[in-house]
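Visitor: Single-letter residue listing:
2 protein chains.
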Amino acid sequence: MALIVAKFGGTSVADIERIEIAAKKIAREVAAGHKVAVVVSAMSGVTNQLVEYCGKISPLYDVREYDVVVSSGEQVTAGLMALALQKHGVPARSWLGWQVPIHTSEMHGKARIEGIETEELHKRLDAGEVAVVPGFQGVTGRNRISTLGRGGSDTSAVALAAALGAERCDIYTDVDGVYTTDPRIVPQARKLKKISYEEMMELASLGAKVLQTRSVEIAAKMDVPIQVLSSFEDHIGSDLPGTLVTREEDIVEQEVVSGIAYSRDEAKVTALGVPDVPGVAAKLFTPLAKAGINVDMIVQNVSADGKSTDMTFTVPRVELARAQEVIGKQADLKATKIVTADNVAKVSVVGIGMTSHSGVASKMFETLAEKGINIQVIATSEIKISVLIEEDYVELAVRALHAAYGLEEKKKAV
Amino acid sequence: MALIVAKFGGTSVADIERIEIAAKKIAREVAAGHKVAVVVSAMSGVTNQLVEYCGKISPLYDVREYDVVVSSGEQVTAGLMALALQKHGVPARSWLGWQVPIHTSEMHGKARIEGIETEELHKRLDAGEVAVVPGFQGVTGRNRISTLGRGGSDTSAVALAAALGAERCDIYTDVDGVYTTDPRIVPQARKLKKISYEEMMELASLGAKVLQTRSVEIAAKMDVPIQVLSSFEDHIGSDLPGTLVTREEDIVEQEVVSGIAYSRDEAKVTALGVPDVPGVAAKLFTPLAKAGINVDMIVQNVSADGKSTDMTFTVPRVELARAQEVIGKQADLKATKIVTADNVAKVSVVGIGMTSHSGVASKMFETLAEKGINIQVIATSEIKISVLIEEDYVELAVRALHAAYGLEEKKKAV
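Going down the list, the protein sequences come from chains A and B.
Each position in the first sequence, counted from 1, maps to that position plus 953 in the working numbering.
Each position in the second sequence, counted from 1, maps to that position plus 953 in the working numbering.
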């Protein structure tokens, strides 16, 4: 008998039929003797509609009122899920963010969870009642509704699991786990049985949209194993059929490389001929940071003449116009020219095993070279190597790397 | 400078355009120096959709969870209205039922307002901020969301106006006031400038669906003048262009008859040959009351033989089947036969002036007789005479009575 938090995403509660299917899964967990808290997203499409309403009134809306509007989607699903559980014979009630309460910061629209009161929830769970908690929402110290930012329901679920001391957080979604790469590009992509928090964070931040990055961060910090599994298949979390995101130590058969990630949401900016003097990087990046533009890969070439140099970095493609505007205002940057490109993509090799294995990077460069793919920028971390390439080559690069590291589905013995 | 509560119904906040039009009206009230609290319904259609979701899961749902689901519609509109007001330069914030708080009974789905805390609201109103309150919702002593029953937003508005000591409660809707009768039946129906609380209660309970009966009861008890006006016309409540529902004493030109109401939601039940002994009425009506069936008109004929009598009464048409079932179980009623009819309608003449004028009833009976309309049952109150007739004659009866009491629009002087 364990305490489990189960989270259902938007497509898993898209309509009454899907909500009932989710409720039946929870009923099976309860029948197996587990205590369960359920976290629900809004029905798919609802949040977009509510966001659109706010934007239609004013693009510069008061985020506190935006939170009142958009948090209603999860409220509806929470009530409906409680009703569906009751229908299937499971005692249940909904607990809205302000009822739990889930305390958050005052940063409306992207609030951070600061604490979750669990005394009453524990009492109810111990008495056999399922607690249904709307994801994405909390309450501020001023008693106003806050939301955690898009995809925040994953964060709600993991934070609730941590606060309750749950054994596991099951994330039910429309894919059945975490794959070695995007199966739409590589049909032979293999579902991972286990992956470390650190690798999952890299994959999530690199565009594998299975889990929100922030939720994996919390899971790593609080050591809450997350299981990613499909609500569209006939199994439940306790059968463990998805991908378990857990501590590195708990993964026995460590692979050198776990997956190949890619992201098309990139744009490249190069400042040509900036003076090669101390402080020039600060002149470039401080204004960008102040404007809230997230700079990713940064490369500064060695100065050829000792006087000037070129600096290249990447920003999210949607921020490119704004980044150009910000840089254009920095007269004392003294760049001879600013060159930008938005036909670039980032491809990354991720694997916790690469810290103890040499040759991972060279294999990447060789593989790309063999296919005639030019590398524009390189960035590395402990468990990741990323390269920026021309966008047209993304699929080719991902397929070649997936094969080079031997990540395909193993052939079944006949 | 006055404090006004303005309520906008579902069609008046049906989409973003309508919400903006409503916000502009409030902005004009604020510009005129008034303090304003706004009460909003859900966008039209939204509540029905949410009710349908609950019913689809289970017809016998937990009303506490139903309240969580259906209250979300007004929450959305409240946030959007606050945003729209801000856009038009008016400081505003939303106050959900649990934030005000609006305390209600534990009767989920049809809770009664027990108290509204106004200290903080008054502070904000005094500081020039508009308070936007979702109608229909409150919070119970157990800190759960409650709703007041369909049409409850009118009640929210009037109760808030009473609690705040508002000068007036403006109800913006899709009709421009209260008419002497249904203009779809009588095109010459005249809009009333003023009507007493008592008359409005009779009209509301008789099917004139402009205001919820309960809201008029509270208005009468707390003496809150209500103004009914159209949000689809270019005027605001402070211009007083609608119908004012107020105290009898405040109506100078009292009319004998104010209006002709009708209701098709009626069914007739007759118990033939029941023993003419004490207690027989209790045997019939106590079980109906226990089943929650609202009995309206009751007639007991004089016993012809001193041994048995016939009893006739009306129930809402939707309750007829259930009423028959309840009566069928009363074996000791000893009726020889139960006869029912659902092709009946109630037509009523309402007017506070009739208490001091004779001849109102006789004029009604004469008028109907002239048109060959048979009266099946008669019921009277201090300010109302109702008759039950065959449903096919409704329009004819209403038109004839409207003319007989001289309620038509007065011809303009040339």
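One should not assume that every hint holds.
Chain copies aren't distinguished; within one or between two, either way the pair holds.
Subject to a maximum C-alpha distance of 27 Å in a straight line, what follows is the list of computed DSS-like cross-link-like pairs (lysine-lysine) [what the hints assert, rightly or not]:
| no. | residue 1 | residue 2 |
| --- | --- | --- |
| 1 | K1287 | K1324 |
| 2 | K1236 | K1174 |
| 3 | K1146 | K1260 |
| 4 | K1282 | K1260 |
| 5 | K1290 | K1063 |
| 6 | K1009 | K977 |
| 7 | K1287 | K1174 |
| 8 | K1316 | K1174 |
| 9 | K977 | K1040 |
In short, the hints are calculated from the structure, not lab data.
Predicted, not measured: the structure shown is a model, and the values here were computed from it.
Visitor: Now tell me if each hint is right for this structure.
Guide: Here is what the structure says about each hint:
no., hint, in the structure
1, K1287 with K1324, "neither (38 Å within a copy, 96 Å between copies)"
2, K1236 with K1174, "neither (34 Å within a copy, 70 Å between copies)"
3, K1146 with K1260, "neither (53 Å within a copy, 86 Å between copies)"
4, K1282 with K1260, "within (23 Å within a copy, 103 Å between copies)"
5, K1290 with K1063, "neither (36 Å within a copy, 69 Å between copies)"
6, K1009 with K977, "between (38 Å within a copy, 16 Å between copies)"
7, K1287 with K1174, "neither (43 Å within a copy, 76 Å between copies)"
8, K1316 with K1174, "neither (32 Å within a copy, 84 Å between copies)"
9, K977 with K1040, "within (10 Å within a copy, 45 Å between copies)"
When held up to the earlier numbered hints, the structure conflicts with 1, 2, 3, 5, 7, 8 and fits the remainder.
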